[in-house]
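Chemist: Chain by chain, the residues:
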Amino acid sequence: MNDVITLGQGSGGRLTHRLIEEVFSKRFGMSEPLTDSALVSARGEMLAFTTDSYVVDPLFFPGGNIGKLAVCGTINDLAVSGAVPGFLSTAFIIEEGLPVADLKIIVESMADEAEKAHVKIVTGDTKVVERGKCDKLFINTSGTGIIKPGYEHISTGKRIKPGDKLIVNGSLGNHALAVLGARNNLNFRIPVESDCAALNHLIASVLESGNEISFMRDLTRGGLATVLNELAVMINMGIFVNESSVPVDDPVRGLCEMLGFDPLYLANEGKVLFVAGSDDAQHIVEILRSDPLGRSAEVIGEILPEMRARVVLKTSIGGERILDMLSGTQIPRIC
Amino acid sequence: MKYIDEYRDGRLIGKLAEAIRREVCRNYVFMEVCGGHTNAIHRFGIPSLLPKEIKLISGPGCPVCVTGKDFIDKALDCAGQQDVIIASFGDLIRVPGSHSSLEGARREGADIRIVISASEALEIAALNPGKKVIFLGIGFETTAPGTAVTLVNSEKERITNFFVLNAHKTMPNAMDAILKDGSSIDGFICPGHVAAITGSEIFDFIPERYNLGCVVTGFEPADILHAVLLLVKQVNNAGQKVEIQYRRAVTKKGNTLAKKYMAQVFEPCDAWWRGFGIIPDSGLRLKEEFRIHDAERFVPQSESKSHTEDKYCLCGEILRGNKVPPDCSLFGRDCIPDHPVGACMVSMEGSCNTWFRYRLDE
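Chains A and B are the protein sequences, given in the same order. Quick note on numbering: the first sequence equals residues 0 to 334 in numbering that gives the first Met the number 0. Quick note on numbering: the second sequence equals residues 0 to 361 in numbering that gives the first Met the number 0.
These aren't lab readings, by the way, just hints derived from the structure by calculation.
Here are the computed lysine-lysine pairs in the DSSO-like style, where the Cα-Cα straight-line distance is at most 27 Å: (1) B:Lys130 to A:Lys132; (2) B:Lys155 to B:Lys131; (3) B:Lys251 to B:Lys232; (4) B:Lys155 to B:Lys259; (5) A:Lys313 to B:Lys14; (6) B:Lys54 to A:Lys313; (7) B:Lys14 to B:Lys1; (8) B:Lys232 to B:Lys322; (9) B:Lys1 to B:Lys251; (10) B:Lys1 to A:Lys313; (11) B:Lys259 to B:Lys286; (12) B:Lys155 to B:Lys286; (13) A:Lys135 to A:Lys103; (14) B:Lys252 to B:Lys240; (15) A:Lys313 to B:Lys51.
Note that the structure is a prediction, hence the values are computed from the model and not measured.
Between the sequences and the hints, there should be enough to build the whole structure, so can you do that?
Modeler: Right, dumping it as structure tokens:
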């Protein structure tokens, strides 16, 4: 590892993993596998507990702002662990000079999102630092939720078996490109909105339908490719993805061609990967498609008995190659 | 998506792959000499669609890969000076020099900006008259015209704080250098965007002198498979020549305006290529009347810059097509995209980097 921290170590890819392993998780005594939420038991109930900090630049982007992102992101981390999100805390680090009007808009959207998701923001903290010591506003949110009996396996994927299908609830890459476009340094307008949304109701409708879900994960930093690589290592099985089935909106595809990005590595803020029994997959897709947040849901691949810990992509032209974990940085500060 | 989907159509790809399989009657080695081709070949999994008799190898086609460490060292020398802004293409940022990289210098406070064209660097110069803006000019005939036009414009607009640290190179003499030493190559997948500027005629010497086929090729999967088919046919029929597969962008004569600007600003010079050493007349230096914009003057002359590479690194042999990445003892262990040792691992278009990220079989 370098002597000083590099941007690549915040990308969510291989470098982030090494940083967490070598500096944090061992010393804190955190148990493997590290998942979106920690599961802790309290008085006979299983709780999911998670935290996340938001440093998105700029604060406002098409489809959302840092506040909406901070609430939805933490709700989603709880929901994909199989929990019903209940309570959030929030902490603000504010740079001297931030317009109060901006702060009010941000707080307003946090309250709106929490209400829609039936989650309560119950405690918080505020710090103000001198001009130039942070970039306008950073927000941290933490949250807890109760995991119903029978869903404890979801975050670790220990019931995944070969033949299980991979499902996503819609098109990939919109959030990262919407934020990139809002930075205004591309000299053209990007017709893409962030997919930022709380997914707890959508996820609940799938779980309550009684279909067999063996794993869920939101596809944030590092994108689908990073999540699949983490999963392949975690369960020590192979994963097959059919690129042609992965939903990507045309403007996102076009921009990726131009800018040299791969949508499979781009961050999303309203997308979740489900791993489900093959008999239930089509039924789950139908449930997802009946919700506006899952309108373009698709089955995109499956778990393989061979190719342990590797992700194989059938490319759009029918070739096959490895889909590796992201190396280095793709776009910093998108969440 | 227009101009993309028709070249990625599964049925067309299937037909081309089938036509190649029918045509194959021996072993073939074809070399691509453009990083864009290397990336497309692996990104689309093209090797998995080809019969095992066909081997595609990557030549010196990634400008980042063939640029010496000494260039990064010079850029770092400039970056460390007062009132300097370095403007660079993004893919140079992580390339290791002898002691650090531009990314490292940026962490330590140097003003290093990523641009997507030389003209963007000129805009930065216009906005920062108190600073010296140094554009890192690398690349082949594809990027050199952009640098040339920008230098002409900087004169026209009297922007005197715009400079170029120049390592532009030209392709034909490097291909000649590979062939001169003897090689196992049966034909070239020629760089489509270089040829869009130069015209396909710059490759005419290859069939004439070495009796090898050349197909100037586009960057979509159907283009590349079509080029492989044309090359296989050339070999089978002993009809080696320069063919243009990429007709939607390339002509025999190329882009005359771009060539005019290049001739106005640059003249040929010997150049150092990573993996090859000096190749005569394969570089472009600024002509006398533009040397006022040459950033070399800011590089301290006392220290001689070193070309030394890691002694186990096989980038040189890989760039010549004599070895493939897994032959290297550093590959995938000490040398990976997150901490590259050799040049071919640094750039997304380098052969080691693409091999590491995409290949199934090793």
